[in-house]
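Asker: Spelled out, the chains give:
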Amino acid sequence: MSYFRITLRRSAIGLPSRTRAVLAALGLHKRSQTVYHPVEAQFAGMIMKVKELVQVAEVDKKLTKWEVRAERRPDSGFYLETAVPRMEDKGQKTGGRVLARLRGEGETKVVEGVRRENGGEVRI
Amino acid sequence: MFGAFRATNSLSGGLLWKIPWRLSPTQKYRQRQRLKAVDNVVETLSTALAKKGETLKSLERWKEEMPTEAEMLSKDKYTIFDRKEKRYRKGIHKLPKWTRVSQRLNPPGY
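Protein sequences, first through last, are from chains A and B. Going by full-length UniProt numbering, 30 is the number at position 30 of the first sequence; the sequence numbering is gapless. Going by full-length UniProt numbering, 21 is the number at position 21 of the second sequence; the sequence numbering is gapless.
Don't take each hint at face value.
As the list claims (entries may be wrong) - Below are the DSS-like pairs computed for lysine-lysine, each with C-alpha atoms no more than 30 Å apart in a straight line:
1. A/LYS30 x B/LYS63
2. A/LYS30 x A/LYS61
3. B/LYS51 x A/LYS62
Claimed, not checked - Only part of the chain A face toward chain B is listed, based on derived beta-carbon distances under 8 Å:
4. VAL39
5. GLU52
6. LEU53
7. VAL54
8. ALA57
Since the hints were made in silico from the structure, they are not lab data. We put the CB at the ideal spot given by N, CA and C, even for glycine.
Make a model of the complete structure from these sequences and hints.
Answerer: Next up, the structure:
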């Protein structure tokens, strides 16, 4: 079963009470609110009445309020790296590690957060 | 003529709002985006209903009568007919709530 995913994009302030009533009937009370209604002619007709105010997509699944909220949540901007086991040094103590790092065999230092910006890394 | 107590329109009459006679290029751009957004909604509704084999009178009527954003003339996108105006046209931004109402058709010949 498919649904209309309807998001109120434009406020209905100052619009006729009939228009506002249609929004209320759809269950839209504030901007950026998302509701789901089954694909049926009666809901399509209601959307036609407020087509200038809403954004509509046809979806297969109905998301809960919390799933919609999680979708909208922005990326945290950092991630936590897991600790990498230390590499065993071969040969000389310092030389081996430097060589390993030059070969790119593994990062030994564990950093709290790394943000990627234009290819570079910024340690927090 | 100069100074704090000069007789300007806003001082002698109180509130004065001035609406520029034409739209700025950015306003025209956003107007096109809004027209496209409405076209998208109509398109989504008609494809979704067509899959179920249903139809809707208001939807059919809109698709039959209303031009899409690409089909519209720039004259109709940015101006509306007004019988009191010189050359019978004025900027669409003079229409109340113009960013939230559909105004696509004008009398033929004007």
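Asker: Hint by hint, say whether it matches the structure.
Answerer: Hints, verified against the model:
no., hint, result
1, A/LYS30 x B/LYS63, "holds, 29 Å"
2, A/LYS30 x A/LYS61, "holds, 22 Å"
3, B/LYS51 x A/LYS62, "holds, 18 Å"
4, VAL39, "holds, 5 Å"
5, GLU52, "holds, 5 Å"
6, LEU53, "holds, 6 Å"
7, VAL54, "holds, 7 Å"
8, ALA57, "holds, 6 Å"
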